[in-house]
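All letters in the sequence shown, in the order written, are residues -23 to -1, 1 to 84 by mature numbering (1 follows the signal peptide of the UniProt record, and there is no 0).
Mixed in with the good hints there might be a few duds.
Ranges between beta-carbon positions, derived for each pair [as the list claims (entries may be wrong)]:
| # | residue 1 | residue 2 | range |
| --- | --- | --- | --- |
| 1 | LYS83 | LYS38 | 16 to 26 Å |
| 2 | ILE37 | LYS83 | 33 to 43 Å |
| 3 | GLU14 | LYS46 | 25 to 35 Å |
| 4 | ASN16 | ILE37 | 28 to 38 Å |
| 5 | LYS81 | LYS38 | 32 to 42 Å |
| 6 | SER68 | LYS4 | 24 to 34 Å |
| 7 | PHE15 | PRO84 | 12 to 22 Å |
| 8 | GLN45 | ASP19 | 33 to 43 Å |
| 9 | PHE(-2) | PRO84 | 26 to 36 Å |
With a Cα cut of at most 27 Å, we get these calculated DSS-like pairs of lysine-lysine [said to hold, decoys possible]:
| # | residue 1 | residue 2 |
| --- | --- | --- |
| 10 | LYS46 | LYS18 |
| 11 | LYS4 | LYS22 |
| 12 | LYS58 | LYS4 |
| 13 | LYS71 | LYS38 |
| 14 | LYS21 | LYS33 |
| 15 | LYS21 | LYS58 |
| 16 | LYS4 | LYS83 |
| 17 | LYS13 | LYS46 |
| 18 | LYS81 | LYS38 |
| 19 | LYS46 | LYS83 |
| 20 | LYS58 | LYS38 |
| 21 | LYS83 | LYS58 |
| 22 | LYS33 | LYS81 |
| 23 | LYS21 | LYS46 |
| 24 | LYS4 | LYS46 |
| 25 | LYS18 | LYS58 |
| 26 | LYS71 | LYS58 |
| 27 | LYS33 | LYS71 |
| 28 | LYS38 | LYS83 |
| 29 | LYS46 | LYS81 |
None of these hints come from the bench; they were simulated from the model. The model shown is predicted, which means the values in this text are computed figures rather than measured ones. Positions of the beta carbon are idealized from the N, C-alpha and C atoms, including for glycine.
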Amino acid sequence: MKRRLLFSAVVAAVVSLSACSFVQTTKEGAQVTLVKEFNVKDCKKLGSTTTSVADKIGIIKRDPETMQKELADLARNTAAKMGGDSIVATSPLKDGTMTFDIYKCKP
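Full structure from sequences and hints, please.
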């Protein structure tokens, strides 16, 4: 009985961790906006970045929405370092990885 209870507690902890965010947006990265491609037609493209996070914790798959948020936050941080103010996702989430184009839209 105790073993089953311990196992249940461990599983619950792993599942709850799979939805936690482990990425922090920098102060500068928080100023970068995730937009759709049509929003950057008059902007200067600065480059692109491919971001990655763990897609599993042990054998438990992580929540796709949480991973997408983390990946966008990493891309925002990179865009800020490059002088960008906007990012556009250019690939779908696959195995914890996404690619983003980085733009400078504001003068």
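Hint check:
no., hint, result
1, LYS83 - LYS38: 16 to 26 Å, "violated (38 Å)"
2, ILE37 - LYS83: 33 to 43 Å, "holds (41 Å)"
3, GLU14 - LYS46: 25 to 35 Å, "violated (19 Å)"
4, ASN16 - ILE37: 28 to 38 Å, "holds (36 Å)"
5, LYS81 - LYS38: 32 to 42 Å, "holds (36 Å)"
6, SER68 - LYS4: 24 to 34 Å, "holds (27 Å)"
7, PHE15 - PRO84: 12 to 22 Å, "holds (20 Å)"
8, GLN45 - ASP19: 33 to 43 Å, "violated (26 Å)"
9, PHE(-2) - PRO84: 26 to 36 Å, "holds (35 Å)"
10, LYS46 - LYS18, "holds (24 Å)"
11, LYS4 - LYS22, "holds (22 Å)"
12, LYS58 - LYS4, "holds (11 Å)"
13, LYS71 - LYS38, "holds (12 Å)"
14, LYS21 - LYS33, "violated (36 Å)"
15, LYS21 - LYS58, "holds (15 Å)"
16, LYS4 - LYS83, "holds (18 Å)"
17, LYS13 - LYS46, "holds (15 Å)"
18, LYS81 - LYS38, "violated (35 Å)"
19, LYS46 - LYS83, "holds (23 Å)"
20, LYS58 - LYS38, "violated (31 Å)"
21, LYS83 - LYS58, "holds (15 Å)"
22, LYS33 - LYS81, "violated (34 Å)"
23, LYS21 - LYS46, "holds (24 Å)"
24, LYS4 - LYS46, "holds (16 Å)"
25, LYS18 - LYS58, "holds (22 Å)"
26, LYS71 - LYS58, "holds (25 Å)"
27, LYS33 - LYS71, "holds (12 Å)"
28, LYS38 - LYS83, "violated (38 Å)"
29, LYS46 - LYS81, "holds (21 Å)"
Hints 1, 3, 8, 14, 18, 20, 22 and 28 from the list above are not met by this structure, while the remaining hints are.
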